[in-house]
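Here are the chains, one letter per residue:
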Amino acid sequence: MNPTMIDRKTIDETAMLRPLILRCRSLQAMIVKELLQLFRDYVLLFFVVYAFTADVYWAGSGVTLSLNQAALSIHDEDRSTASRQLIDGFHPPYFKNIGEVGDLRDGTQLLDAGQATLFFNIPPEFQKSLAAPRQTEVQMQVDATNSVLGLLASTYATQIVTSYGLNESLTRNGISPNRIQTLPGIVDDRRVWFNPNQTDSWFMSITELLNIVTVLAILLPAAAMVREKEKGTIEQLIVSPLSPLEIMFPKVIAMTAVIVAGTAVCLFAVIRPLFHVPFRGSLLLFFFVTTIYSWTSAGIGLFVASISRNLAQASMLVILMLAPILFLSGVWTPPEILPAWLRLGMYVSPMHYYIDLSLGILLKGADWQILWKQIVALSSLGIVVFAAGLWSFRRNFQ
Amino acid sequence: MNLVRISAILIKETREIVRDRLFFSLAFIVPTVLMLLFGYGLSFDVEHIPFVLVDRDNSALSRDYSHRFIDSRYFELHRYSQTEDGLETELIRNEIRAAIIIPEHFERDLLAGRPAHVQTLIDGTFPFRARTTLGYVTAINAAATMEVIATYISEQQGISRADAAKSLQPIQFNVRYLYNQSLKSIWSLAPNLLMLILMISPPFLTALGVVREVERGSIYNIYSSTVTRGEFLVGKLLPYVGISFLNGIILWLLAARWFGAPFKGSIVFFLFAMTLYVICTAGIGLVVSVFAHTQIAAMTATTILTVVPAVLYSGVLIPIASLTHGGQILAHLIPAMYFTDIVLGCFLKGVGISALRIDVIVLAGYATVLFTAGYLLFTKRPSS
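As they're listed, the protein sequences go chains A and B.
The first sequence begins at 68 in this note's numbering and counts up one residue at a time.
The second sequence begins at 464 in this note's numbering and counts up one residue at a time.
These aren't lab readings, by the way, just hints derived from the structure by calculation.
Small disclaimer: the values here were computed from a predicted structure and weren't measured.
Wrong hints could be hidden among the right ones.
[What the hints assert, rightly or not] With a cut-off of at most 27 Å between alpha-carbon atoms, the simulated DSSO-like pairs for lysine-lysine come out as follows:
| # | chain 1 | residue 1 | chain 2 | residue 2 |
| --- | --- | --- | --- | --- |
| 1 | A | K298 | B | K843 |
| 2 | A | K195 | A | K440 |
| 3 | A | K195 | B | K629 |
| 4 | A | K296 | B | K475 |
| 5 | B | K843 | A | K163 |
| 6 | B | K727 | A | K298 |
| 7 | B | K475 | B | K843 |
| 8 | A | K296 | A | K163 |
| 9 | B | K727 | B | K843 |
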C-alpha cells in the first residue's frame, strides 16, 4: 500500500474532526473562564456559599408555623376549683400562662402592647353554674393581627373548653370521664405520612434550598451575560470565532455546575446532618431533576439578559420574574385555593413541578415510575423556555 | 458638608436614574406588582383540601359520617372509593393531601354502643397544612362524637336528644377576634407586605447605585474630585431614599385603599416612621455596597441578607415570642421587626407614638449605626 495514501486518509479524518475538537476546546476555555470569573469575585462567592449553607440553616431552624407558647393572660373572677381546672388545660407547648390580671382593662392593655396573644375571662359563679347545671359563658379575646395564628389559637382553645365541658357533664351524668373510651363515638386513628412529627425544619430547609436554586439559576446566568454587555467585553467575544450559542452555552453549563454542586453541599452538610431529614428517594434522580430545572431557569435568565442593557435593569427584571415564580410554586399557597386563572399560571410555572418532584423524591421516596409525568412536564417546559430564551438572545446579540 | 456639592451629586444621580427609563419605571413597577400579586395570591387559608374517602362499611351511618367531610368547605372530595387501592400513589403525587378510611362494622359498632374506629391519613410534607388539617378532622370527629353520645344518653336517661346535647355542652365559649374581627387575612397581610417590600427594594436600589459606579470606573471621578465622602454618600443616597419614600406612599395607598385594610393611626407619625425605616434599609444597601465590588455580588448579597430575615424573622409569619431563642436574637437584630410593630400598630391597632416610641428609637439608632459604618468604611483611597 502506498504510505502517502494512509497519510492522506488520517489527514482527512483529522480535518473532519478538527472543527469538533476546536469547538470542544473553545467550550472548555469558556467554561473555565466563567468559573474563574465567579471564583475570583470573593464577595459573590461568599454569598453563594452562604446561601447554600447558613441561609438554609437559618430558614430551617428557629422557624415554626405552629402555635407555640402563645402568651395567655387570664382574668379569673370565680377563683374556684372548676375555673382553675379549666385554666390548667391551657399549657405548653401551645399556650403559656403569663399570669392573672386584676381587671379587664389591664388585659386589653396587654393585648394592645402585644405582650399577650390571648386574654381569657372566666365569669363569677362559673363553678356554681356548672353544678346547677346551667349554661355559662366564657369569653376569650384573641389578637388576630396574625390571622393564621389567631385562628389556630381559637381552634385549640375551643377544643380545650369543649372537652372540659363534656367531661364535667359526663361526670354529672354519672359517667366517669375515663369511661369515655367505651362510649359510642368516633375514635380517630390518625397517621401523618412522610413527616410523622410534622417537623417544620424538614419542610423549611428543603423549600429554602429550592428557593435558592431558583434565585441563583435565574440570576447568575443573566448577570454573567449582562455584565459582558455593560463592561463592553462582549465586543471581544463578538469578534472572536465564537457563535452566540458558543458564548452562551458555557455560561449556562458553568452556572448549572455551580448550582448542582451547591445543592450537594447543602444536602450533605446542612440538611442531612443538622436537620436529620431522611432522604427516602434516589438522590441521583434529584440531582438529575435539579439539572433540568437549572437549565429551564437559565432560559428565563437569558431572556432577561437579552432585553436589559445594564445590571440594574436586569436585577429589577429578575425580581419581577422571580416573584410570580416563587409565589406560583405552590409552597405557601396550595393550588386548590387559587382562583382558576392563577391556577393556570401554576401549571406553566417550572418551579411548581420542581417542588412536587423534589419533595416527592426527598421526603416521600418516590421513584421515576411514579413521577415520570412531572419529569416529562418539567422537561418539555424546559425545552420551550430555553428555546425562547435562546431565540430572544440570538436576536439581540447579532 | 457643602450644599452645592451635595446638590451637584444629587442632580447627577437623579438624571442618571430618570434617563434610564426601563430602570426608572421598574423601580416603581416592581414594588406595586409585588404588592398586588402577593395581596391577591398569598393566602394561608387551608381550604378545599383534596381528599379521598374510602367507605368500606357502606352503610347509612357511614354515609352520614362521610358527608360531614364532603359537605365541609375545608375538604374537597377527590374520589369516593370502597378500597384503599392507589391511595399511596395519589398521596405521593400530591394529588390528594388526606384520606379518611371508614372500616367495616362502623355502623354495627356504633349501634351496639361501642366506639367506632376511623382512620385518617394525612400528608405531612407541609407541617403547617398538616396541623391545620388535623385540627379540622378533630373538630369534625368531636362534633360527630358529641351527637352519638347525646343519642346514647337520651336513650339511657329517657330525655330528649336536644336536652341531652345541651347538657353535654355546659360552657358556651365566645371568641372575639381583636383588631381583625372577621379574620380577613388581607388585613394583616397588606400592612406586612408594605414592611416586606420596603425591606427589599431600597437596599437593592442603593447597593446597585453605588456599586455601579465602582464597577464602571466612574467612581474615579469622585475619588479625584473635591467632593468629600460624606457629601458623596448623602447626594448619592437621597434620590434612592426619595424613590423608596414615594414607593412607601404608593404601597400605603394600595394597602389602605385598594385592599381596604383599616388605617387607625396617625398618618403623620406613620410617614415619619416609614421615612426612618426606608433610611435604615437603604443603609443596609450602603454597607453592602462598600464590600461588594461587582453589581452581581451586590445583588446576591442584598437578596440574601434582606429577603429571608424579613420574611421569617420579622414577626409576619411567626410571632417573635414563638421563635426559638436563636431566632429571637436574630429578630431583634434586624429593623424589620420594629417596623412590623409600627405598621401593625398604625394599621390595625390604632396605637400612637406612646406605645411605639421604643421601636422608633431603635430604628433611628439603627439608621445612625448603618450610616456611620457606611461612612467609615467608604474610602476615597481604595487599596487596590
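Now the hints, each set against the structure:
1. Of the pairs offered as hints, the one joining K298 (chain A) and K843 (chain B) holds, with about 22 Å between alpha carbons and a cut-off of 27 Å not exceeded.
2. Taken as a hint, the K195 (chain A) and K440 (chain A) pair is broken in the structure, with Cα atoms around 64 Å apart against an allowance of 27 Å.
3. In summary, the hint linking K195 (chain A) to K629 (chain B) is supported, as the alpha carbons are separated by about 17 Å, within the 27 Å threshold.
4. Restraint check for K296 (chain A) and K475 (chain B): satisfied, since their Cα atoms lie roughly 23 Å apart, inside the 27 Å limit.
5. Proposed proximity of K843 (chain B) and K163 (chain A) is contradicted: the alpha carbons are some 54 Å apart, above 27 Å.
6. Our distance criterion of 27 Å between C-alpha atoms is broken by K727 (chain B) and K298 (chain A), whose separation comes to about 50 Å.
7. Proposed proximity of K475 (chain B) and K843 (chain B) is supported: the alpha carbons are some 19 Å apart, at most 27 Å.
8. The straight-line distance between the Cα atoms of K296 (chain A) and K163 (chain A) is roughly 58 Å, outside the 27 Å bound, and the hint therefore fails.
9. Among the hinted pairs, K727 (chain B) with K843 (chain B) is inconsistent with the structure: their alpha-carbon atoms are about 47 Å apart, more than 27 Å.
Of the numbered hints stated above, those contradicted by the structure are hints 2, 5, 6, 8, 9, listed in ascending order.
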